[in-house]
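Visitor: Construct the entire structure; sequences and hints are all you get.
Chains as they are written, first to last, in numbering that gives the first Met the number 0: chain A, 0 to 403; chain B, 0 to 274.
A couple of the hints might just be wrong.
What the hints assert, rightly or not - Under the rule of at most 25 Å between Cα atoms (straight-line distance), these lysine to any residue pairs were calculated in the SDA-like manner:
(1) A/96 with B/117
(2) A/96 with A/245
(3) A/50 with B/213
(4) B/10 with A/4
(5) B/219 with B/187
(6) A/96 with B/214
(7) A/96 with B/266
(8) B/219 with A/140
(9) B/10 with B/270
(10) B/37 with B/57
(11) A/96 with B/215
(12) A/96 with B/112
In case anyone wonders, no lab produced these hints; they're calculated from the structure.
Each chain, written out:
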Amino acid sequence: MQPNVQPMRPLTLTAYTLVTANGRGLSPVLQALRERRSALTPCDFEDVTLKTYIGRAEGLEDFSLGNGLEQFDCRNNRLAWLGLQQDGFMVAVAEAKQRYGAHRVAVVMGTSTSGILETEHAYQARDRTGSLPARYTSRYRYTHNMFALGHFVRTCLGLRGPATVISTACSSSAKVFATADRLLRAGICDAAIVGGVDSLCLTTLYGFSALQLLSTSPCRPCDEDRDGLSLGEAAGFALLESSERVSRRGAVALLGYGESSDGYHMSHPHPEGTGAVKAIRDALMRAGLTPSDIDYINLHGTATRANDAVEDKAVSGLFGTTTPCSSTKGWTGHTLGAAGITEALISVLCLKHGFLPGTLNCERIDPALHSHILRNNEVRPVRRILSNIFGFGGNNCSLILGTL
Amino acid sequence: MQPDPGDALMKVSIHGIGLLAAGLEGWPAGRAVLLGIKPFVPVAVQDPDASLLPPNERRRSSDCVRWAVHVAQEAIVQSGFDPRDVATVFASSGGEMGVLDTLCRSLATPERVISPTLFHQSVHNTASGYWGIATTCQQSATALSCYDDSFAAGLLEAVTFVRAEEGPVLLVAYDLPVPAPLNEARPIMTGFAVALVLAPPSHRSLASMSLRLDEANQEKPTGMDDSALDLVRQDNPAARSLPLLNAIATGGSQTVRLGLLDSQQLVLDLDPCRN
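Guide: Quick look at the structure:
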């Protein structure tokens, strides 16, 4: 009884920026992709003694937020702030604000853990009565609360439109594109800042360790001997506008998206990948495309045994064995709630610069996988890319990005 | 044509309501209180049934999950929709604050041993995920937060979804009392959960309303005349839904203004026509 998905009007990414462990801004990320340099290093986060590798953004301990932003100061918002400073993003947003008015620009952010590290520190610093430090409690709203990231970005950019934070674990900052499209279509706003930020914390490091999903080496997506993921941190943002308003030939745009649930288990993917298939199918329908129109698939490819196997089932079932696929988590680590925007923007780099990244750290492709998994980078024109993101709670989102 | 803020008009019908809070247990009882037929007597809520949850999942579930699933179930049953056809939006200011308290306590010990189950239950979309498991629904599921305005943000997401997809959406908003010491950072004293099944305009519904976004100006967000209910509204972000529930209970042509951040309001114009 659910109606068929209707084609959408493309949304142009007028400006975009990304900070990962590979560097600040798009150009070091592009360089790392081309040079096949992983940013994963042995875990040295705080006093964590887990034997694992992490993709840690440099320099987050070396500054704090000032100029009226003091109350927002925490690792997650510092990473967000670094992201906003790159690639002329603030200037592009200021121009959009001028064009449409501050109240006509929406902010839709994604994160899975927000500034939880502040709460972890506060619990370690409880006093003899068990109370939390006052300097933490007065800033909870601006640091750890799930909306803190949206509040911070909206404040930094001086925007007065609607704002929300989507938090659906790893799919968070992929789903922000869908929410932004709905706001734009409803005429609630004329432009939207979408993005996501997730930063390292004890909860995810010890949590994924407890689930026995952390690799002891840099993660090896699609490898026969893959043994789990590596955690990373990232901040990415994009300015979305209707392509009819800012249409430029050659501009990069969101062509489609699909959202679905597994309805199966909190932390295991559906064994047949039916939720993933629905997300991909809906994205294709919304883009008005068929599987053969897709030039490259950026896989969720976390390097856990289960994810890569189930994703392969979904992808090879729909695309057969010829569409090139790869995972870029060997470069960045799994940036959780920021994975959606990270991989959407890596896809944009592929479109802009005409290359496909081969799966880093994949030594021998798992013979049980049927998709056409790339091990080495390829230089070739790319027009349309599918990016998959799947998360806890069985929450799936697929995006299609392309050149207009 | 340039869309004008005043033209951003979106109409939806309400097909089912679920409600759970002290003194407001279930929509029929809550409606009677809102209409003044019964007094508001906030007696502590017993552990909700949430009978849709498979026994295994129910046993492991958090309070948030049981409250959210319980009201979602009440609303979906009333709507008559098959839950597998209904996309979902779950709105909560802080999500699983009780789980986070337990995790942060464990992470403050030298051993830092945390339960894998508790970890995957700490995500903001835990209730949404459990609803999906209970119903085997594979439609879109979104979980979001907008601090005190999470209900309004969830309603905006749900209504834009209904109109974009021309299909039904289940909106669930919930926040539970925050345990000590985390309540020093976020004092929420009373639990509140509400669910609405929204769909494209139809005559066979409980009520219809149009939504628009307005600049916050001279008009204040709508409050509750009953001071005890207004205290609940101010205490719990999910209870910011009370003025809308009140307007639905009362019926007739009414306007409800919900605050949305410092600069905007979500204005809900309820239709007088009802069956």
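Visitor: Each of the hints needs a verdict: does it hold here or not?
Guide: So, going through the hints one by one against the coordinates:
Among the hinted pairs, residue 96 of chain A with residue 117 of chain B is inconsistent with the structure: their alpha-carbon atoms are about 42 Å apart, more than 25 Å. At most 25 Å may separate the alpha-carbon atoms for a hinted pair to count; residue 96 of chain A and residue 245 of chain A meet this at roughly 14 Å. Restraint check for residue 50 of chain A and residue 213 of chain B: the C-alpha separation of about 53 Å exceeds 25 Å, so the hint is violated. The straight-line distance between the Cα atoms of residue 10 of chain B and residue 4 of chain A is roughly 20 Å, inside the 25 Å bound, and the hint therefore holds.
Only pairs whose Cα atoms come within 25 Å are accepted, and residue 219 of chain B paired with residue 187 of chain B is accepted, the gap being roughly 23 Å. Restraint check: the Cα-Cα separation between residue 96 of chain A and residue 214 of chain B comes to about 16 Å, which is no more than 25 Å; the hinted pair holds. With a CA separation close to 24 Å, the supplied pair residue 96 of chain A and residue 266 of chain B stays within the 25 Å bound. For a cut-off of 25 Å, the pair hint linking residue 219 of chain B to residue 140 of chain A stands: about 23 Å separates their Cα positions.
Taking the CA atoms of residue 10 of chain B and residue 270 of chain B, the gap is near 10 Å; set against the 25 Å cutoff, the hint holds. Restraint check for residue 37 of chain B and residue 57 of chain B: the C-alpha separation of about 32 Å exceeds 25 Å, so the hint is violated. Under the criterion of a C-alpha separation no larger than 25 Å, the hint pairing residue 96 of chain A with residue 215 of chain B is consistent with the structure, at around 19 Å. Between residue 96 of chain A and residue 112 of chain B the alpha-carbon distance is near 48 Å, which puts this suggested pair outside the 25 Å criterion.
Consistency with the previously given hints fails for numbers 1, 3, 10 and 12, ordered from lowest to highest.
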